[in-house]
Amino acid sequence: MDPLAVGPGEMVVLTGPAGCGKSHLLRVAAGLARDDDRRVTVGGHDLGGMSHRTRRRAVAAMKLLYLSQEAPLVSNLTVLENLLLPIRYLGERSDGEAIEEALGLMSSAGIGWAEEEPPARLSNEDRKTAALLRGFLRRPVAAILDDPLSGLEGSRLAAVLPLVRAALGKGSCAILAAASELKEFTGLPAREAPLPPRRIRTATLEDRG
Amino acid sequence: MRRFVEGLGSRVRAGLITAGEMASLLSLSLRSIPALLGPASGMVARVAVRQVFFTGNQALPLTGLIAFLIGGVVVIQAITRLSGLGVEGFAGDLLVIAVLRELGPLIAAVIVIGRSGTAMAAELATMRLRGEVDDLETMGIDPVQYLFLPRLIGAVVSLFGLMVFFDLLAALGGYAALGLQTTTPLRSYLTSILGAIQARDLALIPAKAILFGGMIALSCCYRGLSVGDSPTEIPRAATRGVVMSLVGIFVADSIVAMMVYS
Chain H
1 MDPLAVGPGE MVVLTGPAGC GKSHLLRVAA GLARDDDRRV TVGGHDLGGM
51 SHRTRRRAVA AMKLLYLSQE APLVSNLTVL ENLLLPIRYL GERSDGEAIE
101 EALGLMSSAG IGWAEEEPPA RLSNEDRKTA ALLRGFLRRP VAAILDDPLS
151 GLEGSRLAAV LPLVRAALGK GSCAILAAAS ELKEFTGLPA REAPLPPRRI
201 RTATLEDRG
Chain E
210 MRRFVEGLGS RVRAGLITAG EMASLLSLSL RSIPALLGPA SGMVARVAVR
260 QVFFTGNQAL PLTGLIAFLI GGVVVIQAIT RLSGLGVEGF AGDLLVIAVL
310 RELGPLIAAV IVIGRSGTAM AAELATMRLR GEVDDLETMG IDPVQYLFLP
360 RLIGAVVSLF GLMVFFDLLA ALGGYAALGL QTTTPLRSYL TSILGAIQAR
410 DLALIPAKAI LFGGMIALSC CYRGLSVGDS PTEIPRAATR GVVMSLVGIF
460 VADSIVAMMV YS
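Residue numbers (the numbering used here), protein chains in the order written: chain H, 1 to 209; chain E, 210 to 471.
Take these hints with a grain of salt, some might be off.
[Claimed, not checked] Sample of chain E residues facing chain H (criterion: CB under 7 Å; computed from the structure):
no.	residue
1	ARG339
2	ASP343
3	ASP344
In short, the hints are calculated from the structure, not lab data.
We put the beta carbon where it would ideally sit given N, CA and C, even for glycine.
Whole structure, please, built from the sequences with the hints as guidance.
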């Protein structure tokens, strides 16, 4: 695979069949997995090679947004508390401003009703929407999104797309995403980077004879 | 024989690894305390308060009931065995020796293990399996500071409160039992209790709260955070956390008793 670079204001979508390693590559980029064959840097940092403490500092400084396919939310917080969690914890903005913006986003995405609900009450679509809102509420500088739009329709999709577009439009956010097809990102200035099926390097089948 | 030695060796090795990882978890949490001076303090305090509410406040009725009954039982047994020897004068000593020094801290700790230790281990194991712990990391949030430290603080604070509450209710239960059998006035009962309490008994209440609460939070959170990929590991993590906590508090209590009272 050729070297791949994603600059500020750019969105690159890794595409390929299931099992070709898209999610793994994104986990490597986020520093959650190691890959001896590939080197992925985010903002000049090889996150996977850092200690947990250094990585957390780098990630917080970059306001990196990583969204896995499962799009988990912290289960013992309400949905609104989840949206505010990184902003409050890292002291990124005033609480009042963040709450107002979060409530506005939730309302426009059609999940305003879930403000005080625990994530367990949300459907998969609503949970993914909430996780995306939480990420873009932070105004990230870099975003790593694993299949972010699959399953989103109607008001959810209509609320999320402008956020992605706005992040790209300001030229401040570089987005690396993965999906089975590029057409999921219709309406976004996304560039495709097909990922070939993972090649088997060595395989050995031995019998006892 | 060789298999036995190998098995023993692997168990010792696993035990040393576990001890090392737990020491690392404790060290990381202590090192994250200075960072609480920053914006994270509010979030950590909020989680700690929730833990105190669940671990301490919600356990008060059960702890009170058990303490009242145990205080009563200790005094009833004493009256039955020592009738005619002026047991009224010894009731305070008996309660201080049996309840304040040993049963109170141990039973309060067992209640915390049963109610909250299992919950801590299962909750953190579920969060780990759902990817919530990794998610915190990718947002730049320290899981040790956000998940473990408030539970450690919550367990210690709650256990201290429960131990004091236990002692008070046990004294009340003791007096109720004494009142059924004798005509001992409350004043002389209280005087006998206060006369039996030594300074080291009082000092050991917060010390045991820190020791036992720390052990419970450390064992249960460690087991919860160490699960692998399978949901079947959640109940295993809870069970292992409970067993480890129980062994820890009983061993620690024995050592403390030998060091302080022998």
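Ascending list of hint numbers which this structure does not respect: none
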